[in-house]
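Using the hints, put the two standalone chains together into the complex.
In the order they appear, the protein sequences are chains A and B. Taking the numbering used here, I'd label the letters of the first sequence as residues 2 to 601. Taking the numbering used here, I'd label the letters of the second sequence as residues 261 to 916.
Rather than coming from a laboratory, the hints here were simulated on the basis of the structure. Be a bit skeptical, because a hint or two may be false.
What the hints assert, rightly or not - Computed Cβ-Cβ distance ranges for the label pairs, DEER-style:
| id | chain 1 | residue 1 | chain 2 | residue 2 | range |
| --- | --- | --- | --- | --- | --- |
| 1 | A | 455 | B | 693 | 22 to 32 Å |
| 2 | B | 511 | A | 250 | 31 to 41 Å |
| 3 | A | 320 | B | 607 | 14 to 24 Å |
| 4 | A | 250 | B | 780 | 25 to 35 Å |
| 5 | A | 250 | B | 877 | 48 to 58 Å |
| 6 | A | 325 | B | 489 | 34 to 44 Å |
| 7 | B | 459 | A | 290 | 39 to 49 Å |
What the hints assert, rightly or not - To give a feel for the contact side, a few chain B residues facing chain A, derived at Cβ under 8 Å:
| id | residue |
| --- | --- |
| 8 | 529 |
| 9 | 555 |
| 10 | 577 |
Here a beta-carbon is modelled for each residue, glycine too, at the ideal position from N, C-alpha and C.
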Amino acid sequence: MSHAAILQNSLTRHIEREEDRQRPLDFRLIARLYECTAACGSKRLWLLLLVIIRALQLPALTWCLAGVIRGPVARHDTAGVLTGAGIFAVLALSTQIVLHYRQRLALELGEAVVCNLRSRLFRHIQKMPLRWFQQARAGRVISRMTSDMEDIRAGVQDVFYVSMVQLIQMLIAAAAMIWFDRLLFLILLVLVPVIRWINHRFHARLSAALRNMRESWSRVTATLVESIVGIRVTQAFCRESVNIRAFTELAADHSAWNTGVLKTQGTFQPLLELNSQLVAGLLLFAGGWRVLAAGSAANVGDVVGFLFMSGLFFAPIAILGTQYHQALTAMAGAERLFRLLDTEPDWADPATTQPARIVGQVEFRDVSFSWDGRKTVLHNVSFSARPGQLIALVGPTGSGKSSLISLAAKFCLPTTGSVLIDGHDTRMLDDLTLHRCMGIVPQQNFLFSGSVADNIRFARPEATTEEIFRVLEQLGCRDVLESLPQGLETSTGESGCNLSSGQRQLICFARALLADPALLILDEATSSLDSQTEHRLQTALETLLAGRTAFVVAHRLSTIRRADLVLVLDQGRIVERGTHQSLLQAHGLYADLHRRFTSD
Amino acid sequence: MHHDGSPMAAGLALQRNGKGICRVSSRPENGPQAGFSQQSRNSDRLRRLFGLAFEYRRECAGVMALQTVLVLLTLGTLGLTGLGIDYLSWCVNPSGQSPGWPFGIEPPRQWSPGFVIALLALAVVCSALLTALMKYLNAAASAVLSQKILIRLRTDLYTRLQLLSLRFHDAGVRSSLINRAGSDANQVRQFVDGVALRVLTVLLTLGVYLLWMLRVHVGLTLACLASTPLLWLSACGFSRVVQPAYRRAGELSDELIRLLVENLQGVQVVKGFAREQSQAEQFEGAAIRIRDQRNSIFRSLSIFQPAMGMLTQFNLLVLIGYGGHLVIRGELSAGSGLFVFAGLLQEFAAQVAHITNIANSIQASLASADRVFEVLDEPIEITSALNAKRLPAIERGIELDRVCFEYVPGRPVLREICLRISAGECVGITGPVGSGKSTLLALLKRFHDPASGRILFDGCDLRELQLEDVRKASGMVFQDSFLFSNSIAANIAFGRPEASAEEIAAAARMAAAEEFITRLPEGYETLVGEHGCGLSGGQKQRLSLARALLVNPSLLLLDDAASAVDPETEQEIRSAMEQVMRGCTSLVVSGRISTLRRTDRIVVLSEGRIEAVGSHAELLRRSPWYRQLNELQNPGSEPGPIVIPFPVRTAARRAA
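One chain only, chain B, in its complex shape (with noise of 0.2 Å):
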């Protein structure tokens, strides 16, 4: 069973984060590559996934010995049963078959027939009461065993997924890492309680049914059992029809859902171009692709039901006829015979039917396995070095010594760059799309470790130091502000979630951003990202600066962090900047001339290389396309192609 709210919920989540998902994803540097790198094998799998089950083996033993309980419980409801109905039929007429007692346990003559009705009753009374508890205890217990398994696994995930540089991350797999952690990982658990545990409570139940009936009688038991081996043929070969009709089924229904949400989102084209009727048909298409694909399964599934109705039935048909014959010839009792196999062939049916379930479990729980495996054994590749170096502040600078860095083997990003920044400078990174700006920032942050050469803070390589340091001697601000969905204060202080309010008030006051929060109705406590309220994108660049600011780094790291601000907010950010600035290195990546001017040094990049180094006069004189970036944003009479992104505006409101 699938407890984890309706896979369509899950899917809504996705849906409503599909446009962060892209925004963040896709870095023009790599190119969709595989995530992972090795598939594992059937019988690795199922190694594991027992391995698993037996790390619970106490729990499971628990599961299993209340099933047995079970087992002989219902066993035994029915067979008190039919031993009252014989006993019944006995003392109207004596000279008929006498009632097997069980374990020879006969009631004394004595006993009025009355009071031993009254007994047999009660005893059916309390093995069904019996029987009530212990299903509960069972479901507690199977309850309790599932969900241990599921917090270990997503927890695990978690953890990995946490971990995972972002090499890993960018490799193009961010949505289906949450169908990992979230229905993978369910499906996995399923392999415990639903595949392995119920495995074995069939074998049990079927085998002590199995025994029992032909303990009463074994003609009778083959006759009614002669058709199951049919039962199951027919189910597993209907389960191998519909499942793939399923899959399909999911996918017709995913591009509907895809219509439905690029008509919402892009109403204006399709209203803007009267499309509305070619749009309409299409979505039709869709709806009557997906009815007449439903239809089908509909049809195979009204045939299999009636047709498994029919086997069973037919049990009880050869019942009827071989055991009503059998109770004529006195070689069966009614009761004990007669009234309790045709309770336990309908049970019987329920069991193999079971089987045909667990198959397509296994089938769901290996392919689930494997993705969450493969996220498992995903190897943590930045981590610290086993005896690392502690840095509590960068004191006397950064060097970059003969960098190179690829994303793809083969194509690189960043081709030996060197480049010495002494503490307290602050250097501006420009050039154009895709010269490997970003990519140098990610590297001081120990993203990713560089292919070859070394980046040393304070004369120390990165990967010497503890990676905590490393990380918190910066503070960043990226491009694109990402804020999670959780209050002001709590996005400032993320990188110091024990901040006190004066701090978080002191670091916005930093960013030139407690004036607009102070205004908002809810101040500090106001909600922002996916599911609050919408900010500006000059404002969620300043709570961007302000969660770097908290954390007091002593460099900083601004990746072009002013390109979605208006002109007002820009200088009124840069004067805050520039005061916090004039304490910690920083580095500035930027296209605009303004914000380049400002900073004592000036790289510009082209093709992962440092094509040069200046203040800004020098590079008028010394870089082409600096010259060019100059002319375009700073016009003096030539009207060109211009870039300048006069008065912003920004996606304030928009379509939800």
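Excised from the complex, chain A in its bound form (with noise of 0.2 Å):
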């Protein structure tokens, strides 16, 4: 079915577009990878050694049985044939040997490599501003960690040890073959090329139709698990029928570009082990007018040999072939990966020498700002807050106040004017210095998954349970938390699904606690929660914001009439200031907001 049909028929559109999966040879890719293995130097010379070894062992062991047959069975010598059969248990257990260590030490290579790049790569995204963590893709990120490392993996391990030990193979079974035969080599040779262009085409159609496949395969995806997170909508909308043709039609879809990919592979596959039967046709026929000719017994085992070598030398062919596509891939993923690690972050850390404590003065000079350098969020701000105060933002979606906290968290730089804290530009302010006086309650109040307690420890790995108690007496929530199923062992289940958003707020607030920081960022979350927990949070959160200076972008009435300054952002300014009272008796658009709520 077309294309167009699909899409109008489907319950979803599911538009992504695939990452290239090979790109050409890159020279200056591959001693990048080269360089990454500088850590296992001793292991890549043993490597070089056995490939050199092995690829010389192959052709060995099937000249020893050509040999064999052409030699002494032809001679009817058994002694000779005994010897020969002594000869190839040797080589064969030697060859067996040295493909223990080769891919051994091939696969220690790859995954040392693979190992060291994930480290790099995982501190390398650590050190990436705010800005990128919102515009990167969660999905495209995993894959540099695992398909694309994967694809290196492969192209370390396998592409160049394999090829080498097959191009040796090959050059060393042409030379025998020449050897035996001259005339009957040449007749081969003429399908190298064809055998060539099977092998090109066929990669080329393969990849072409797995790219349509999987590209159907995550429709079908995309339209399963929407279709069973909006089960309530659909049954709610009677939808069931009209989602069962859809997805009939999508997984006939699927199933047709699985059927082209399956045929494409059964086209070719046949095609190039026809070759190997077409020769040994070949070779019958030269070979055989020859010896007529010639009318030699040995000539006829010189037929026999040849025809053995001759699968020496072709199957390398398939083999290579696939190889190369391994490596185009791996320079794929070789690129995506190192441009990621090439990109810079937007600063560095200063050198110059750091506060030893900060206390929590803040001030905003003149600061613009910009996230990505065309649309200025916020304009001309300037305020400043003594330590120990409450600063509340206030202000419609898309005013302004996510980007203030991010600068006053130093998780962006201003493009104009300055961030100072404790008199210090946080340009000069190195990350860590700042951050360790620093806590942050996110509003999704965002937990990692493990128990509660190693949640509330994330910022002090070291507190003991104890401590954690204190803490949790400190927020007045003790009892909550203690009465959860495994009490403070429980676990938070993936982005805490398992907790109740009361219960992971107050994880988040003693989160803050014990980190004990002299500057909070508070995001208030937005839901409401029944009376009762509202009460509570209202509580723990006086405990927590005393005696530090606090930037929250406020939603409820509480935290706002208590703060000592109350900035009303819109579209990027600061358009009202003052306290709560204040601001009610100008009559500005904070009254006016107010009244909207309260008096309905």
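Laid out in structure tokens, this is it:
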């Protein structure tokens, strides 16, 4: 069915451009990958040696087999046959021993490289500014860490070493065949370009087919996921039969692409195998005529030997083709990985001496800010907060509240103007120095998977259970968390699914209080809770805020009321400032918002 | 072979949607409860799997016929080459062994040896071409067979999933359902072409080869195949060692991804508390665990593979020694004897290696079969009765008659609810978290049937009405306003895909959504949802309302629809809604006094019971809970704990 028809009938329109799977060989990328193996220098050297030995052993084995058939067997020399078998046994054993070490070293080398690259990438990502995280798509970053790494690993482990073994093997087989019979070899050579061409066409067609198949599969999964997540909506609107029809078409479409892939493989695989059988026919014909012309029995042996060696010559071609494509895949993975590793963080840590402690005096001096360099989200913001003050940020969606707190936390740097903390420009402050004296409660109450206690301990993993209890008592919520199924050892589940939003918020408060920060950044949750929980949260918040400079994106009137300074933001500007009372009397935007909510 | 994209890709789809899944799933009322009823026994599963294969017996027979031809052709090509060699030796040395012509067909004496050789070579070439053709046909036939089964399984699963009640969907198996229709379905169909047919093929191939080899020379056959049981045993042993190791590798890799995703999503927390170093160390630990574990797999792999290679070469060794000896003694020909034997031995080893794969496939297929059949066997709880009545629209009213409901037996969510709502009335429902407000609406949609008591539309029990009529009678706006990844127009027309553009625009206008939609660059064709553009909570809410209005319902169910909307928008929606609600009956779940005050009657629920019913003024007198709610939201003098979502911020710009 046509692509357009699928779009019209489907439940979802899944549009995601696939990343390139392959890219041409690039010497610089290869060199960088080679550098990555530098840590395992001796392994690399041994591998090279083993590869060369193995490349010699494989033809030797076949040579031995062919030699026995055309020599002692043809001559009816029993002792010779036994000697030959003995040589074959020794050779075979040594080949397998070499294979063991070659495989093991290559696999370990690849794993070591991947393990190092993963750590490097993770540390690199951590240095990226908040802006990067807002734009990055989790799925893409995960592919850097998983599938791209796998491609690189395969490249390091296999491509080079396997190709080398196969190439040398081919050369030796060719030499041996020339030695047996030059003319027969020339006949064989004719087939090489044919095979190359088939191989090339095969991989081009197959990768196109695979791409279509994967894209259709992602349409199937996207539809499936949404059908299950949105089952309530589907059943509420009686869409079951329409959805089933659409899904059936999608499943059939995917299966059609799948059949395409299987058929492509089914066309080319036999074609490649066909070669060796065609060669057998050709050899029989050409060799046979020569034998009949010469009339010598020894030449029959040559034909047999030739038949064996020709297998040795042709088998590597298919393997080399696969390896070549694996190399291209590895290149694409390496290119994406290195591109990410080469992305410079927005700023580097300054070399100046750092203050030992931060008291929490914050000043914004004529700060303007833009996330992307185009749209300015904060215009000429100036204000200052003394240590211990509570600054409430109020304003409609998109007015710049989050940008302002991101600047105060040095998650980003101002475009113009400066943010001063304890009189130091944040540009001159080391990230870690600042963040060690800072605490944050994000709006979504983000928790890591693990136990509740692990999450509270996040900022100070060395904290004792007594310290945790003390913090919980200060917040007045020890009983809430202790009454969880397994108390503080209750698992938070992925993104905290097992806990109610009130419980999650309390855990975030405890996490921040245990860190005992001088500067607190708090993005109030918007969801309304029942009044009892709400009351506890308010009390806990009081404790948390006491004695700290705090920036709060405020949604609750109680928080705004006790703020030392309320900043009312609108379209990136501070339009009003003052305390709750003074703003109410000013009869401006704030008073208007307040009136709409309270009196209805 | 697994042809369904990489499992990774499917995993990612899950990752991306992970948030969505969480958001909708965990309902506080029911704990994580096993969603499925029974575990079937191995023999039952096998019987069902073979039953599935039997349904496709025509296709299976076709594949098997092609396989038989293929085995014979492979043998033919090898045999002809061997014959050629023998013929050559005989021509050169007529005193030696004469070639064994197949079926006694000897070429006429007068044909020159060159001509015979040319004929033989031609036969080899033809047989090779025919093999290639048969292989292609076989691949195509298998592909068609496997995909037929796959489509059938996936469609069956999907159909079942669409029809199963919310009780099933809420039982917490959501993410596994996606794998069931994806990789598990694939594993089940693999039973047909990867296990059942493969076993037959291997048996056929081995049998034919063995017969041929025995025919050539019994002693040599036995000597060469003596090590085969060893080959098989070691392969089985290896897979037993490695299987759990691979599973473990999968778990370790999940752990790594989890750490990465958490650090992407929780970047503010990690940076905000200066925990970069310890997170990096944790991640490094996970990476190192993966490395070490994989190295241990590789160590066994790099012992196993050479060992297998050694065994295969041992067979060749026997062939050289013993076979060579036989050729010298004239008991075996060099061509159709030695040469063919060498070729067959290699094919034999390849087939034996298949057997180990088959053993693994059986295990995987059985496990998947369990997961697939569980879904297919799950009874559909909620359907129309046999002679169900029709109900075009609710004209008289709704009645709840002593309705009780529980998700988990023994933990009632609604108790003895009695409520009469006349047509055109607007009823507000409020109460603390977990008091059963949303469940009440779900019962009116017949997502569940009450445990006891009755729900009546126009005096008719819902269970006696056509399910489709019950569901279409009401339009529902959900708390989370889930939108599908599709265009705005398609989302609004969700309940009536055939709706015209004018109807869609009219619904949008009623829901106060038209203005912002037309301001979007692509208007009604803008893509929304997981993969589309980010809409604010209020905008999603309005689209969700438009979707409910398009079906022209006689009953409107609004589940806390205004909770995520900022004050300006709420007023806009409210005035739009008032117009809409004037004509039809409506139930509005809300925690906002401002919304509740506008209804005709307010029901306060508490722990599944109706605590009080009345107008705003009446409830201020009668319900302490309602009075407290009012006090919190309209504070007089006391500064208490305040729940007003003051300028609500929606997650407009959030890390992806």
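Structure-based check of each hint:
1. A/455 / B/693: 22 to 32 Å: holds (26 Å)
2. B/511 / A/250: 31 to 41 Å: The hinted range 31 to 41 Å holds for residue 511 of chain B and residue 250 of chain A, with Cβ atoms some 36 Å apart.
3. A/320 / B/607: 14 to 24 Å: holds (19 Å)
4. A/250 / B/780: 25 to 35 Å: holds (29 Å)
5. A/250 / B/877: 48 to 58 Å: This hint holds: roughly 56 Å between Cβ atoms.
6. A/325 / B/489: 34 to 44 Å: At 39 Å between Cβs, range holds.
7. B/459 / A/290: 39 to 49 Å: holds (45 Å)
8. 529: holds (5 Å)
9. 555: holds (6 Å)
10. 577: holds (5 Å)
Hint compliance for this structure: every hint is met.
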